[in-house]
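Chemist: Based on the sequences and whatever the hints tell you, model everything.
Sequence lines, in order, name chains A and B. Per our numbering: the first sequence ends with 482, consecutive numbering throughout. Per our numbering: the second sequence ends with 518, consecutive numbering throughout.
Bear in mind the hints are in silico, worked out from the structure with no lab data behind them. Idealized CB from N, CA, C, for every residue including glycine. Treat the hints with care, since some could be wrong.
Stretch by stretch, here's where chain B covers chain A in the computed footprint (C-beta under 8 Å, at least three residues) [stated by the list, open to error]:
{"id": "1", "segment": "191-197"}
{"id": "2", "segment": "228-236"}
{"id": "3", "segment": "241-251"}
A few chain B positions that, by computed beta-carbon distances, are all more than 10 Å from chain A [as the list claims (entries may be wrong)]:
{"id": "4", "residue": "GLN186"}
{"id": "5", "residue": "GLY397"}
{"id": "6", "residue": "ALA426"}
Here are the simulated distance ranges between beta carbons [claimed, not checked]:
{"id": "7", "chain 1": "A", "residue 1": "ASP147", "chain 2": "B", "residue 2": "THR506", "range": "32 to 38 Å"}
{"id": "8", "chain 1": "A", "residue 1": "PRO239", "chain 2": "B", "residue 2": "GLY454", "range": "16 to 22 Å"}
{"id": "9", "chain 1": "B", "residue 1": "GLY362", "chain 2": "A", "residue 2": "ASP147", "range": "39 to 45 Å"}
{"id": "10", "chain 1": "A", "residue 1": "GLY262", "chain 2": "B", "residue 2": "ASP383", "range": "34 to 40 Å"}
Listed here are the chains, written in short residue letters.
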Amino acid sequence: MKARLALLAVVFLGWVAPAGAHRLDEYLQATTMAVEKDHLGLQLRLTPGVAVAGQMLASLDADGDGTISDAEQRAYAEHVRRDLSLTLDGAGSLTLRLVSSSFPGTEEINGGLGDIVLTFEADLPPGGVATRRLTFENHHERAIAVYLVNCLVPRDPGIHVVAQDRSYDQARYQLDFTTGGSAPPLSTASVPANAPHQPTATNDLPVFTTFFWHGVYHILTGYDHLLFISALVLGAATLWDLIKVVTAFTLAHSLTLTLAALNLVHVSGRVVEPLISASIVCVALQNIFWPERARGWSRLAIAFFFGLFHGLGFAGGLRDLMHRMQTGTVLFAILGFSFGVEAGHQMVLLPLFAALKAARRTRADAATRARLVSVLRCFGSAGISVAGVYYFCVALTEPS
Amino acid sequence: MKSKSPLSLLSILVLTPFVISRMLASSPTPTAADEPSQSDASATPSATSQAVGAANAFLATLDETQRAKVLFAFNDDKQRARWSNFPTGFVPRGGISLHDMSEAQRQAAMALLTVVLSPRGFEKVQQIMEADEVFKLSDHQRPPFGNDKDHDHGGPPPGNDKDHDRGGPPPGGFKPGGPGGAMFGKDLYYFSILGTPSEKAPWMLQYGGHHLALNLTFVGEHGVITPTLTGAQPATYTTADGKTVRPLGPENDKAFALLGALDDAQRRQAVLKYQVGDLVLGPGHDGQTIQPEGLKASALNEKQRAMLLDLISQWAGIASDRYAAARMEEIKAGLDDTWFAWSGPTTVEAGQYGKAYYRIQGPKLVIEYAPQHEADHVHTMYRDPTNDYGRALIAPAP
Chain A
83 MKARLALLAV VFLGWVAPAG AHRLDEYLQA TTMAVEKDHL GLQLRLTPGV AVAGQMLASL
143 DADGDGTISD AEQRAYAEHV RRDLSLTLDG AGSLTLRLVS SSFPGTEEIN GGLGDIVLTF
203 EADLPPGGVA TRRLTFENHH ERAIAVYLVN CLVPRDPGIH VVAQDRSYDQ ARYQLDFTTG
263 GSAPPLSTAS VPANAPHQPT ATNDLPVFTT FFWHGVYHIL TGYDHLLFIS ALVLGAATLW
323 DLIKVVTAFT LAHSLTLTLA ALNLVHVSGR VVEPLISASI VCVALQNIFW PERARGWSRL
383 AIAFFFGLFH GLGFAGGLRD LMHRMQTGTV LFAILGFSFG VEAGHQMVLL PLFAALKAAR
443 RTRADAATRA RLVSVLRCFG SAGISVAGVY YFCVALTEPS
Chain B
121 MKSKSPLSLL SILVLTPFVI SRMLASSPTP TAADEPSQSD ASATPSATSQ AVGAANAFLA
181 TLDETQRAKV LFAFNDDKQR ARWSNFPTGF VPRGGISLHD MSEAQRQAAM ALLTVVLSPR
241 GFEKVQQIME ADEVFKLSDH QRPPFGNDKD HDHGGPPPGN DKDHDRGGPP PGGFKPGGPG
301 GAMFGKDLYY FSILGTPSEK APWMLQYGGH HLALNLTFVG EHGVITPTLT GAQPATYTTA
361 DGKTVRPLGP ENDKAFALLG ALDDAQRRQA VLKYQVGDLV LGPGHDGQTI QPEGLKASAL
421 NEKQRAMLLD LISQWAGIAS DRYAAARMEE IKAGLDDTWF AWSGPTTVEA GQYGKAYYRI
481 QGPKLVIEYA PQHEADHVHT MYRDPTNDYG RALIAPAP
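Modeler: Shown next as C-alpha cells:
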C-alpha cells in the first residue's frame with residue numbers, strides 16, 4: 083500500500099510541468115508631460131502585464147464584483163495620484179488634479195491588454211527668465227513597475243526644454259526648461275556627452291529592496307532550482323549536513339552570479355541549461371543509489387560544482403533587469419538579488435527539512451524510522467530525477 | 121535500503137520515456153511558409169492609378185454586405201485610429217478579415233497588397249502573419265481568455281517564456297491550438313478602406329491585425345505609410361523546409377551594425393543612461409512629438425549616414441518603391457536634424473535579436489524599436505508626426 087502511494091507520488095511529481103519558470107511581472111506605466119507657461123499636463127497610461135493582472139485587478143475591483151465601478155475608478159486614480167510627486171525648483175510640491183480617466187474592462191485587464199489612462203494637471207507658479215527645474219517621481223507599484231517618462235515638445239514656442247535627466251529605471255525624471263527670454267539652442271536639449279553625467283540619487287535602499295524581491299520571486303518560480311535544492315535536502319540526514327551542503331551551493335552560485343552579472347564571465351545558455359538539469363538528475367540519483375556518499379565530501383563537491391552553473395542561470399534573469407545600470411547601483415542590485423535568492427531558498431528548504439524531520443518522528447522505533455527516511459528519500463529523489471530528465475531533454479531540444 | 125533501489129530504478133526507467141514522449145508530442149510544429157506571390161508594380165502607370173485599379177478589383181469580388189463592412193467614410197476618424205498591436209480578439213478591427221473571404225477574394229486582396237507595397241514590404245508583412253500562425257500553433261501561447269479561469273491568475277505572459285540567456289523550460293500544460301486558436305493566426309488580418317479609391321481625391325487603405333498595422337493614405341501621386349506598426353512573435357521561426365525566418369531581422373541587425381560603426385565619443389552620446397521599457401509613441405499616441413535625445417546625425421560620417429538611411433528604409437521601404445523614393449528624399453533632407461538613441465545592451469549574438477530599445481527621430485520621422493520582455497518578441501513603430509495619415513497633404517498648414 084505504501085509502495086503504491088509512493089509510486090503515485092512519483093507519477094505526480096513526474097507529471098508536474100511548471101507553468102513558466104522565470105517570468106517577471108511587469109506593470110507598464112508610461113507618462114507623457116506637456117509643459118505650458120502656467121500649467122503642466124501629465125498623462126499616465128498604465129498597462130498591467132498578464133502575470134500581475136490578477137493582483138492589480140484585486141486592488142482595482144475592491145468589492146470583487148467583476149466590474150470597476152465609478153467609485154472604484156476614482157479611488158484608484160487617487161491612489162495613483164498619491165504615489166506621484168511633482169516639485170518645481172526644489173521648493174514645495176505641486177498639487178496634481180485628476181482631469182480625466184478611462185478604465186478598460188476586467189477581461190481586458192486579465193488578458194494584459196488593459197490600458198488605464200489617467201490625465202492630471204498641475205498649476206505652475208509664474209516664473210522669470212531663469213531655467214526652471216521640474217522633478218517628477220513615480221512610486222506606484224514600484225516592485226513590478228516599468229516606468230517611461232517623456233516630455234512632449236511644448237506647444238508654446240516660447241517654452242524651451244534645456245535638459246532632461248532620468249534615474250536608471252525612470253522612476254525619477256528631471257526636466258529643465260525656460261518659459262521666456264531667448265531660447266538656448268536645441269542641441270543642448272540632450273545632456274552633452276562631455277559634461278559629467280550627474281547621476282540622480284540612485285536611492286540604493288529601494289534598489290536593494292526591489293532586487294531582493296526579484297531574487298525571491300526568481301527562486302520561487304525557478305522550479306529547476308527548487309528541485310535541485312529539494313534533492314539536496316532529501317540527501318541530508320542531519321541539520322549539520324544540510325548546512326554544509328547549502329553553504330557549498332550558496333558560495334558557488336553567489337560567485338558565478340556576481341561574475342556573470344558584472345559581465346566578467348559568460349557561458350552560453352546552451353551549456354548552462356542542460357547542466358542545471360543534469361545537476362538535478364545527478365544529485366537525485368546519488369540520493370537513491372549512493373546515500374552514504376550523499377553525506378560526504380563528494381556531495382559537497384557536487385553541490386559546489388553544480389552551484390556554479392545555477393549561479394550562471396540566476397545571472398540570466400538578473401541581467402535582464404539591469405542593463406545600463408551605473409556600476410554602484412549594479413552592486414546593490416546584485417547584493418539585493420543574492421539575498422533574495424537565499425531568502426527564497428530558505429523559504430523552501432527549511433519547511434521541507436522540518437517536514438522530513440517531523441515525518442521521521444512519527445515512527446516509534448529506529449528501524450521503521452530509518453525505513454521511512456529511505457522511502458521518502460528514494461521516491462522523492464526518483465520523482466525529482468524524472469523531472470530533471472524532462473528538463474534536460476527540453477534544454478537540449480530548445481532552440482536557444 | 122538496497123531492496124528499494126530496483127523499484128526506484130524501475131520507476132525511473134518506466135516514467136522517463138513516457139515523460140519524454142509527452143514532451144515531444146507537444147513541441148511546436150512549424151507550418152510551411154506561404155509562397156510569396158510575385159510582385160512587382162511595373163513602372164509605367166502611376167503608382168496610385170495601379171493602387172486604385174487593384175483596390176477596385178478587390179472590391180468587385182465582394183458582395184454587398186462585405187463591401188458595406190469594408191468601406192468607411194474618409195472622415196471616419198474612429199476607424200482611422202482603430203489599429204493596434206493587440207490580437208484582434210481584444211481590439212476588434214474594422215473591415216473584413218482574410219478568414220471571412222473566399223479564395224478569389226483573398227487573392228484579390230493579396231494582389232492589392234503587392235501593388236501598394238514593395239516586394240520587400242510584402243514579404244515582411246507575410247512573414248509577420250506567418251509568425252502569428254506559428255505562435256498560434258505553438259505550445260507557448262497563453263491560455264484562451266475567458267476559457268481557463270482555473271489557471272493561475274493571469275497565466276504566463278504571451279509567447280516564449282524563456283529566460284533570455286538560459287532558454288528555460290517553456291510553459292507546459294496548455295492545449296496546443298484549441299479554442300485559443302481563434303485569437304491568433306495568419307487569417308485574422310483585416311482590410312478596410314476609407315473613402316473611395318481615386319487617383320485624385322484622398323483615400324486610405326488599412327491592413328492589419330496582431331503585430332501589424334499598415335495605414336496607407338493616398339493623396340494624388342503621394343502615398344503615405346505612416347503611422348505603421350510592425351511586430352513579431354516569435355520573431356524567429358523555421359519554415360517546413362528548414363529555413364530560418366526573422367521578419368524583423370534587418371531592423372535588428374542593421375541597428376547593431378550602425379551602433380558598432382560609431383566611435384566611442386559618438387556611442388557615448390547615442391546610448392541613453394536609462395532604461396526604456398517599451399514604445400513611447402505606440403497606438404494611442406497620434407499627434408505627439410517627444411523631445412529628441414541621443415546622437416545627432418550631423419555628427420556622423422558619410423558611411424554612418426548611409427547605414428542610418430539603410431536602417432530607416434526598413435520601414436520607409438515597406439511602401440511600393442515610387443512612394444518610398446519620395447519619402448526617403450524627404451528623410452535625407454532632414455538627416456542633419458535626425459537623432460539616434462539607444463537604451464540597453466550594445467552587443468548581441470549573431471542571428472539573435474538584441475534586448476535594446478532604439479529610436480530614430482527626425483523632423484519628419486519617428487522610428488522606435490522595442491524588444492518586449494520575453495525573448496523573440498519585438499514591437500516597432502514608424503511615424504511622421506508632421507504627416508501621419510497624410511494630414512499635411514490633405515489640409516496643408518495655412
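Chemist: Now look at each hint and say whether the structure bears it out.
Modeler: How the hints compare with the structure:
no., hint, verdict
1, 191-197, "holds (count 5)"
2, 228-236, "holds (count 7)"
3, 241-251, "holds (count 6)"
4, GLN186, "holds, 28 Å"
5, GLY397, "violated, 4 Å"
6, ALA426, "holds, 23 Å"
7, ASP147(A) to THR506(B): 32 to 38 Å, "violated, 47 Å"
8, PRO239(A) to GLY454(B): 16 to 22 Å, "holds, 19 Å"
9, GLY362(B) to ASP147(A): 39 to 45 Å, "violated, 53 Å"
10, GLY262(A) to ASP383(B): 34 to 40 Å, "holds, 39 Å"
In summary, the structure is inconsistent with hints 5, 7 and 9 from the numbered list given earlier, while agreeing with the others.
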